[in-house]
Amino acid sequence: MTDINPISEQHQVVVCDPIDFTFTTPELILNIIRPLIDANSLPALLSLSTISSTFLQIIRTSETFWKELCHQRWKEKWGFHRRWEEALEHYDVFNECQEARDSRVTFWRQRYFEQEQDATRQSISPRELNLLTFDFRFWIGQPTVVDERIVVKSGLLQSASKDIRFLNNEEEHQVVEEGNEDWFSYRGALTGHPCREPGIEWFMNESSIIQWGFRPNLWPKGEIRRTELWGWEIRNPNVVMRAIDPLPSSDDDNATEEGNDLNNNSDNRLWKDLIHSLENVPMRNAPEVNGYPVTAELPRSFLEHPFVQ
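Position 139 of the sequence shown, counting from 1, maps to 138 under numbering that gives the first Met the number 0, and the rest follow consecutively.
Hints may be right or wrong, so weigh each one.
[Stated by the list, open to error] List of simulated lysine-lysine pairs, BS3-like, C-alpha gap at most 30 Å: (1) 161 with 271; (2) 76 with 66; (3) 271 with 220.
It should be emphasised that the hints constitute simulated quantities derived from the structure, not laboratory data. For clarity, every value in this text was computed on a predicted model and none was experimentally measured.
Using the sequences plus the hints, can you model the full thing?
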């Protein structure tokens with residue numbers, strides 16, 4: 000008698016592919032599976048001796064299984080409402096297509112992995128950028144006195160603007176002509192900046208570098224990057240902007256109480272990771288006050304991040 004669990008070779012394959020890539024728990028999987036099988040079959044399904052073939056069939060073919068898995072995976076991510084609405088619309092179109100119905104494609108399974116892949120994308124298209132509204136916050140806030148020490152509060156605790164837009168000019172995207180020596184490929188107008196002065200322009204290259212300001216004196220270059228919640232972030236040494244989670248399309252025209260609650264919850268999630276990682280850091284080149292160094296509240300990711308030169 001051995002200590003080896005007698006799981007079949009086929010079952011071992013199932014565990015690794017694709018369950019290892021579903022970012023979930025066995026309990027969640029069982030909760031999803033239960034409505035999909037006959038009640039009398041559940042005890043047998045839970046037995047390792049029979050789980051492989053039944054479970055494999057479900058995860059290969061069940062739209063209900065993968066739809067629920069998509070919902071569970073996406074519901075805490077940035078952009079959930081629009082992502083879910085779009086998927087439902089595309090699923091209706093998919094079902095109307097006879098060729099799709101006759102194919103062996105599982106729409107929701109395919110959608111799941113498409114979104115996982117998209118979440119790793121670090122570059123943004125100009126059109127996508129134009130559609131987003133950003134919350135603008137400074138890294139450094141106002142100084143205050145704490146026990147005779149000067150502490151510069153984090154600017155992340157308060158929004159400087161929640162209406163930052165990277166807009167096109169009146170014409171189509173102004174794409175730099177070949178041979179132009181400028182580093183950027185696209186440009187447009189930036190609105191909603193806290194300085195409230197007109198005439199701010201933005202400039203972006205083909206990948207993820209963006210800069211804004213009044214030419215020729217622009218503010219430092221920033222980097223466009225994805226957050227852990229799949230949102231979009233723009234940061235430079237002075238400020239950080241994060242795209243505000245769009246409300247469901249039904250709330251676009253009428254801001255309901257439910258829509259306001261969604262906005263408030265989204266705002267809390269948007270900055271939670273940075274605010275919860277604030278540390279008091281001595282400021283460079285700052286003179287001591289009352290024998291103590293001047294410190295600033297900054298998140299760990301700011302200290303570890305190499306900014307674009």
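Do the alpha carbons of residue 76 and residue 66 lie within 30 Å of each other, as the hint requires?
-> 16 Å, holds
Within a Cα-Cα threshold of 30 Å, do residue 271 and residue 220 meet the stated pairing?
-> 25 Å, holds
Starting from residue 161, check that the Cα of residue 271 is at most 30 Å away, please.
-> Roughly 16 Å separates the two Cα atoms, so the pair holds.
Hint check: no violations occur; every hint is consistent with the structure.
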